[in-house]
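*Asks:* Given next are the chains, with one letter for each unit.
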Amino acid sequence: MVSIWGWANPRKFMGWTDTALPVIAVLAAGMLALGLVWGFFFTPDDYRQGATVKIFYIHVPAAMIAINAWGMMLVASLVWIIRRHHVSALAAKAAAPVGMVMTLVALATGAIWGQPMWGTYWEWDPRLTSFLILFLFYLGYIALWEAIEDPDTAADLTSVLCLVGSVFAILSRYAVLFWNQGLHQGASLSMDAEENVADVFWYPALVATAGFALLFVALVLLRTRTEIRARRLHALETRERMVS
Amino acid sequence: MIRLLIRDLRLALRSGGGFGLGLAFFLIVVVLVPFGVGPETGRLQAIAPGVLWVAALLACLLSLDRIFALDFEDGSLDLLATAPMPMEAVVAVKALAHWLTTGLPLTVAAPVLGVLLHLDAAATPWVLITLAIGTPALSVMGTFGAALTVGLKRGGLLLSLLVLPLYIPTLIFGAEVVRRGAQGLEVATPLLMLGAVSAGAIALVPFASAAAIRIALK
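Residue numbers (our numbering), protein chains in the order written: chain A, 1 to 244; chain B, 1001 to 1218.
Be aware that one or more of the hints could be misleading.
[What the hints assert, rightly or not] With a straight-line Cα cutoff of 16 Å, these simulated EDC-like cross-link-like pairs (lysine to aspartate or glutamate) come out:
#1 K1153(B) - E149(A)
#2 K1153(B) - D1074(B)
#3 K12(A) - E227(A)
#4 K1218(B) - E1073(B)
#5 K1153(B) - E146(A)
#6 K1218(B) - D152(A)
#7 K1153(B) - D1071(B)
#8 K1218(B) - E149(A)
#9 K1153(B) - E1073(B)
#10 K1153(B) - D150(A)
#11 K1218(B) - E227(A)
#12 K1218(B) - D1078(B)
The hints are simulated quantities; they were obtained by calculation from the structure and are not laboratory data.
The shape of chain B in the complex, shown without the other chains:
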């Protein structure tokens, strides 16, 4: 399992594009928003938590189709399916590799980009915390969409259509924590809900993804 993780990480880092792309996309979205809504500090500050969360979510989506597609094409997914390791574990490792290469850099970069949006100083730690809790769930849910569309030629658009509705609860709770944190309100309830959604997804979604992969490989 650790070898698979190292292999995936190495492929993501060396294949070019996969690793930095999500981060660059995140940066561009955040830069574009002030052009769209105007440069007033107050307005930017008000929408900053939501923009950061939505941008992170879209950046996460961008690299999802690579999770299984490349392995499916060159046949290594078939090898993994016959390997003495349950498919669920393969999916979990793939999700972890995806998170390490997209979710984690996004989380680290978010407070820095928050400066561009005049993110409230009180909200900055909450952005960090919620993204750290939420992005693993985004990666895991993403594996489900990637597994459903793995055999398709033009699965990319379909993938976003399938995965985005699944992201709604995570987005709601994550952005709510940051919004409340910025106003100095109590954050425990949405934070706990976010943790619950995330933990539930990490525990259960790999089974669904593995089932979908088995069907696709049949």
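Just chain A, same shape as in the assembly:
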């Protein structure tokens, strides 16, 4: 029987991602193009918000990925701490900048939409504030990776930071909720909610979300492969220095 841990062997990982990555990348591009074109050109304008509402085909998926990227990093960090698979630590490292950019995209598109609709680029609303805090956590996590030279120590310390940071991020989320009541609307794309947006908007949003998720997977795989290659190069250079 093949254990799932086998996939984490760096050589095997390089093997299967070599074939899987182009497929995922093409799928991501296709889904994104389909979802965004569908959303931008083939859905009716909102009767009050006009065409501005269409920015949500980027805003909502980016925000979802921004949160789930941290979740993925948390799982990868746990796998590193418990099983010490190097690929797992590198995947967490690879996911962080992608998640940070998604956070920025969500904040920026939200600000662009907020200006005409709420009359302000920024409001200290709980959701907005939580995202800003999430951005700070990404920043700290990436900075810690960059600051430590020894790769294993860096992986250990960032994993611990990721665990502790998760607890504090959730704590901050609720503290912020307590601190200020918001302008932001509630979730409108949930699977289980009674009331969602109309199907005309929901299907393109779903496709765009799938596109963003695939894009995230493709980017993380690509960056993990880069990290593995960098690690191999480093090992080769070290060996050469020892020989000469």
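Following the hints, complete the assembly by docking chain B onto the known chain A.
*Replies:* Showing chain B alone in chain A's frame:
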């Protein structure tokens, strides 16, 4: 453990700079704020609780990198790691020493400096109470940041980047209590939340800090 505490306190008091610096920084920030926002009594009174809390938080941050860095450099941290005392206890004692030398003086000084900001008389006891509850948590969370950056050459800036997001919940609840207290509103909810955050941090964060130190010493 008590000996370690006394040793840390003595080092902090005698090494010069460490002990008074946080307090002086607190004073300067509070003095600078009226220059920045203007001397109107009403406006100062409105922002006084928040300014006191943020200033206390920054002053606390200032001396965090000294918690482990000096001991790491001269090797006494290695000795402490091999001593018959769990690392968690070392971290807790270090946090306590840090609190006694920064958090406690800040708490005592805050009502006095509140006068400079026209802090509402009704809010003054709440400043004292919330800082007394909150600053130990700030010290303990600080040990985590200090532990993560202990082996680094220029860890100071990174330390603030790592620790400041962790301070957000404490700051929110602490300043909220004072704000409500100043307006005579009910303060029990944020006060209990502040206590919960503080107690949780004191109980759990030493384990994370100790784990980080063990990795750094490996």
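*Asks:* Provide an ascending list of the numbers of those earlier hints which the structure does not satisfy.
*Replies:* 11
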